[in-house]
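Chains Y and V are the protein sequences, given in the same order.
In terms of numbering that gives the first Met the number 0, the first sequence has 177 at position 178, counting the first letter as 1, and numbering is strictly consecutive.
In terms of numbering that gives the first Met the number 0, the second sequence has 77 at position 78, counting the first letter as 1, and numbering is strictly consecutive.
Quick caveat, the hints were computed from the structure, so don't treat them as lab data.
None of the values given here were measured: they were computed from a predicted structure.
Check the hints yourself; a few may be wrong.
If we take Cβ atoms under 7 Å as the criterion, some of the chain Y residues that face chain V in the derived model are [stated by the list, open to error]: (1) Gly152; (2) Asn314; (3) Leu326; (4) Leu330.
Covered stretches of chain Y (chain V as the covering partner; in silico rule of three or more C-beta atoms under 8 Å from a C-beta of chain V) [what the hints assert, rightly or not]: (5) 57-69; (6) 135-144; (7) 272-279; (8) 315-324.
Cβ atoms here follow ideal geometry from the backbone N, Cα and C, with glycine treated the same way.
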Amino acid sequence: MTQTTAPPRARPAQSSATGARSRARELLTGAVASIAITLLVVIVVGLAWVGPAFLSTSNITIIGSFVAVPLLVGACAGFALLAGVVDLSIGSMVGFSGAVFASLVVAGWGPWPAGAAAVVLCLVCGTINALAIVVFGASPIAATLGMLTALAGLNRVIVGRQGAVTALIPDLFDFTSRLALSLPLVFLLALVVVALATVVVTSMRLGRHIRAVGGDEVAATRAGISVLRVRFLALLFSAMGAGIGGILYVGQLGSASNSLGTGLEFQVYAALMIGGYSILRGGVGNPAGGAMGLLVVAGVANILDVQAISPYYVNIIVGLLLLAAVLIDRLRGGDAYE
Amino acid sequence: MGSPPAGGSRTGAGGLRAVRLHGWNTTLTLLGAWLLLIAISGLHRADFLAQQTVLAVTFTMAITGVLAVGQALVAISGGILDLSQPTSLILSAYVTSVLLALGVPTVVVVVVAVALGAAWGCLNALVIVFGKLNPIIVTLATNFIGVAALFLVFQSAQAPINSALRAFGRGYFLGLPDIWWPMVFLVLVVGWLLPRTRYGRRTIAVGGNRVAAQARGVSLRRTRFGVFTAAGACAGMAGLLFAGANAAFSPTAGSDFLLPVIAAVILAGVSLAGGRGNILLLLLSVGFLSTVPTSLAFFGLTSAWQTVFQGAILILAVAIDGYREKRARR
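All chains, full assembly: derive it from the sequences and hints.
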């Protein structure tokens with residue numbers, strides 16, 4: 000937007016020794032540091048309030064299965080945020096993918112072709128997003144809000160009057176409930192995806208290009224980076240994550256309801272912003288920080304759940320954390336809005 | 000995707016003219032789209048062109064329209080969007096219901112409801128102005144907090160069925176729903192005043208070029224406070240109409256309005272970047288979007304399809320708008 004006053008904080012690709020030093024300082028004082036501290040505080044509060052059971056394998060299993068899909072969806076959507084094109088449609092897309100997948104399986108398709116079809120359809124939606132935003136120059140918030148609305152409607156159309164499509168797929172259920180190293184396999188896989196995304200963003204050329212495009216479009220173009228291609232790719236990535244996320248939800252829940260994924264985009268983006276991303280400005284944040292943001296929210300939800308406190312307090316805490324996170328980001332030199 | 004917008008090639012010096020023509024373009028496009036929708040639906044089923052349709056459309060227009068005025072003010076002033084409208088709407092509707100049940104006079108309730116909405120907007124402005132934080136993030140957060148807090152207070156509420164407000168919500172004036180008239184009045188008054196009063200012109204100036212406006216001595220803080228308070232008051236008024244027109248509602252009921260309202264604002268040609276937009280055009284965009292559900296029902300499509308169409312229209316509209324601006328800039 001045009002409201003930015005502070006100079007863009009996008010860090011250019013650095014390779015020299017000073018780069019390494021500033022990166023080390025960044026680790027101690029940057030956005031990742033404050034979210035790591037927040038996560039630590041949540042763990043300490045959990046241990047103090049709930050007791051050692053908070054870090055027991057059974058409780059971490061509960062948190063892990065709960066947060067696995069948001070982690071995956073968030074890691075992929077983070078690429079779009081970094082490229083400066085927020086994709087609000089991910090929540091509805093998760094629901095849409097789940098509905099398509101479940102109803103195709105009910106119609107007699109095998110899980111693999113049905114899953115492939117669901118992801119391909121999401122990629123088509125991602126392409127429409129990208130065409131509207133990148134080629135036609137539509138505002139990302141407005142265009143993906145349109146996609147969010149359209150897909151929420153399509154989800155209800157597909158699911159039909161019953162309000163849910165039940166699709167129990169034994170193999171998928173086994174996969175989503177399997178434990179590895181005594182933790183949920185999907186949770187570990189989501190963490191692997193987050194780790195890979197972090198490597199891509201922080202130390203690969205593609206990641207540098209994405210951050211450059213999000214940080215300063217004009218400078219990136221001058222450096223010979225195709226803004227169009229990078230943003231297109233980022234939006235497709237975000238759609239793919241949502242597509243896979245929807246299928247995994249069907250595996251976990253055994254059905255796709257007409258409210259699957261509703262509001263997930265706000266939950267995920269609030270957590271990602273707590274973790275250092277910005278939905279209005281590309282080039283800042285990184286997948287590890289975003290993942291910690293999601294873990295903070297999941298941890299808070301878990302503590303309140305175990306203490307039998309109304310779940311509505313979670314949203315109040317998320318809202319306050321979000322305000323605190325953007326305030327700290329601004330005090331650290333981020334954009335000021337006047 | 001959409002075909003290039005009408006208007007031929009506009010390059011170079013034509014850019015300024017394009018900006019001036021923009022309002023007319025949007026008006027004609029909206030009017031054309033609306034008439035086309037009515038014509039197609041009428042040709043499909045002649046009974047579409049009946050008073051029932053008019054009543055359904057105008058009824059739908061009322062609350063969306065009032066909220067859209069607030070949302071448009073925020074967007075024009077460069078505040079992007081107020082995502083907390085669902086909270087202020089329900090807050091006002093809930094307090095209205097409680098006060099009416101306690102037997103408080105209707106006039107007092109009306110004042111309290113609008114003031115409560117304004118207070119909520121003021122609260123948003125407080126965080127935005129003193130925290131120097133982006134409104135879209137602040138209102139996202141305050142909406143999280145607000146809806147959750149409302150859930151802690153109540154699960155379901157409704158205004159007393161025999162109250163004057165509920166009678167107003169069901170009544171008709173000159174053949175159209177009572178609740179439609181305040182909406183039209185609000186749109187006309189705000190739409191007329193915005194470009195003609197000092198306060199309105201300041202709002203537009205701040206949204207268009209913040210630095211230039213500041214250099215001319217416009218107080219950003221005061222303008223932001225004014226805009227968000229006024230937007231909150233609109234949401235408070237919408238909550239009043241909502242409580243009158245609906246039976247029982249839950250704290251999440253307000254979120255159904257958010258997307259259609261934003262769609263209406265964007266379709267009316269209000270720029271999310273600020274500084275551009277004509278409030279009067281909201282009558283056309285809200286009218287068009289409110290006709291879609293009734294029209295689809297006559298085509299035998301369920302209400303879920305109406306959401307699909309709303310989304311598709313929004314994508315198409317912003318794509319065309321983006322394309323138009325891209326060419327005007329060139």
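- Query: Which hints, by number, does the structure contradict?
  - Reply: Checked against the structure, the hints that fail are numbers 4 and 5, while the rest are satisfied.
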